[in-house]
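Novice: Use these hints to put chain R onto chain S, whose structure you have.
Each chain is listed here by its residues.
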Amino acid sequence: MLSQQAIISLLTKMGDDALIIGHRNSEWTGLGPIMEEDIAFSSMAQDKIGHAWALYRVMQEHLGGQDPDQFAFMRAEKEMRSCHFVELPIGEYDFSLMRHFLFDHAEAVRYESLENTAFEPLQPFAKKFKGEIKYHLLHADEWVLQLSRGSEESYARMQQALLHCMPLALGIFETSKAHEQTLIDEKIYPGEQALQARWLDRIYPVLSKAGLNLPGIESFTPVYGGREGYHTAYLQPLLDEMSSVFKLDPTATW
Amino acid sequence: MLNESLDPRVNRLKLGHEGEVVTIVEGENWNAYEVFHQEKRGAHHEHVGSVQAPSAELALVFAKEQFARRKRCVNLWVVRSADILAFDVEDEDMFATNLEKTYRDASGFKVMEKINKFKGKK
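These protein sequences, in sequence, are chains S and R. One point on numbering: in UniProt numbering, the residue at position 56 of the first sequence is 56, and numbering is uninterrupted. One point on numbering: in UniProt numbering, the residue at position 22 of the second sequence is 22, and numbering is uninterrupted.
By construction, these hints were calculated from the structure, which means they are not laboratory data. C-beta atoms are modelled at their ideal positions from N, C-alpha and C, and glycine is treated no differently. Treat the hints with care, since some could be wrong.
Claimed, not checked - Calculated from the model, a selection of chain R residues having no Cβ within reach of chain S, i.e. all distances over 10 Å:
hint	residue
1	16
2	17
3	44
4	57
5	62
6	65
7	66
8	75
9	79
10	83
11	101
12	104
13	113
To be verified - Here are the simulated SDA-like cross-link-like pairs (lysine to any residue), alpha carbons at most 25 Å apart as the crow flies:
hint	chain 1	residue 1	chain 2	residue 2
14	S	130	R	77
15	S	128	R	57
16	R	71	S	187
17	S	187	S	123
18	S	128	R	60
19	S	209	R	72
20	S	209	R	60
21	S	130	R	30
22	R	40	S	132
23	S	247	S	28
24	R	71	S	138
25	S	130	R	74
26	S	127	R	30
27	S	134	R	68
28	S	177	S	146
29	S	128	R	34
30	S	127	R	71
31	S	127	R	75
32	S	134	R	100
33	R	71	S	247
34	R	71	S	126
35	S	134	R	110
36	S	130	R	76
37	R	71	S	43
38	S	209	S	253
39	R	110	R	100
40	S	209	R	54
Just chain S, with the same shape it has in the complex (with noise of 0.2 Å):
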């Protein structure tokens, strides 16, 4: 029998970062730098969403979790277990982006990594999401490249826009106090640490290749507390946007 609670933690930090980054980046949605992007980006975002809504909806089926909208809109910010890094409201362009790429990678070793969990229900789900996580990776690390090669200014903004994400983005990895060592014990998943090793080995050719400069990882800080419930400012005002339409009536069908 494996431990549930663990797995609950798990399922619910991977859907919160899905559904605060799909919000966060839909938020692009029309502002867009040209149209084209604009509809990539947004496509994207509401992929992220359907992440969420497909782990909440594993939770509710294998471990007497709530309706995934009632669990998505009616938590307060305190039960929420999304990292700092996904909550940062949108800034520039470049920022958008990096936070993009950075994630992506992020999740992409982390959907491998389940393909073989011992978690069976959320085997197909890491299969699914491989082909929609891939063409997120490609759409990223060609901006990346293309940004990092397009002008001195452009540079400077994807250099300074690494150098401003890496400790948040580290923050992705911050490990659950409670359940670490039993999600990897039960082989749920290899672990927080495992995860961000493979992460670096992935985004490290991107960044050389696009003339980046990444600063050795023990030269950062990682932004961490998001797991255990402490965010940042810019969460509660989102999720009241976030849950405006819902909080009308919690009960209404669509």
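Specialist: Below, chain R alone, put in the same frame as chain S:
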């Protein structure tokens, strides 16, 4: 006065007065790419439209969003519009007499008559 559009993308172009000469900085303008869509493996790639992009790779990304998001698709081609060689519009007269050359139509051969004649002999 600048062009006042509700679309931020138009405003970002910093268009000047009407009639003012616009100078294009190298690398500022993107290329147009023609998009060809393949519905199933082995089928022809069919031309479906075009996208603007800074590189062929991003043209593929944009093409996927514009032309392969809803309907079935297994592959896409993109090719720089400038790399397509086409006839000039005024050379249309080269094709003008095609319709008169009915002897080139496969339907011009009246084989059924011969077949029936052959069958009748038996």
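Novice: Could you grab the alpha-carbon distance between residue 71(R) and residue 43(S) and see if it respects the 25 Å cut-off?
Specialist: Holds. Residue 71(R) to residue 43(S) sits at ~15 Å (cutoff 25 Å).
Novice: Does residue 101(R) clear chain S by more than 10 Å, comparing its Cβ with all Cβ atoms of that chain?
Specialist: holds, 44 Å
Novice: Should the label of residue 17(R) as a non-interface residue stand, given a Cβ cut-off of 10 Å to chain S?
Specialist: holds, 24 Å
Novice: Starting from residue 134(S), check that the Cα of residue 110(R) is at most 25 Å away, please.
Specialist: violated, 56 Å
Novice: For a C-alpha distance cap of 25 Å, please report whether residue 128(S) and residue 60(R) respect it.
Specialist: holds, 22 Å
Novice: Holds or violated: residue 177(S) and residue 146(S), Cα atoms, limit 25 Å.
Specialist: violated, 40 Å
Novice: Please work out if residue 130(S) and residue 77(R) have their alpha carbons no farther apart than 25 Å.
Specialist: holds, 22 Å
Novice: Are the Cα atoms of residue 130(S) and residue 74(R) separated by 25 Å or less?
Specialist: holds, 16 Å
Novice: What's the verdict on residue 40(R) and residue 132(S), does the C-alpha distance respect the 25 Å limit or exceed it?
Specialist: holds, 19 Å
Novice: With a cut-off of 25 Å on the C-alpha distance, tell me whether residue 71(R) and residue 247(S) pass.
Specialist: violated, 34 Å
Novice: In terms of Cβ atoms, is chain S entirely out of 10 Å range of residue 57(R)?
Specialist: At roughly 5 Å from the nearest Cβ of chain S, residue 57(R) sits no farther out than 10 Å, so the non-interface label is violated.
Novice: Holds or violated: are the alpha carbons of residue 127(S) and residue 71(R) at most 25 Å from each other?
Specialist: holds, 22 Å
Going through the hint list in order, the structure does not satisfy hints 4, 5, 6, 7, 16, 19, 21, 26, 28, 29, 32, 33, 35 and 38.
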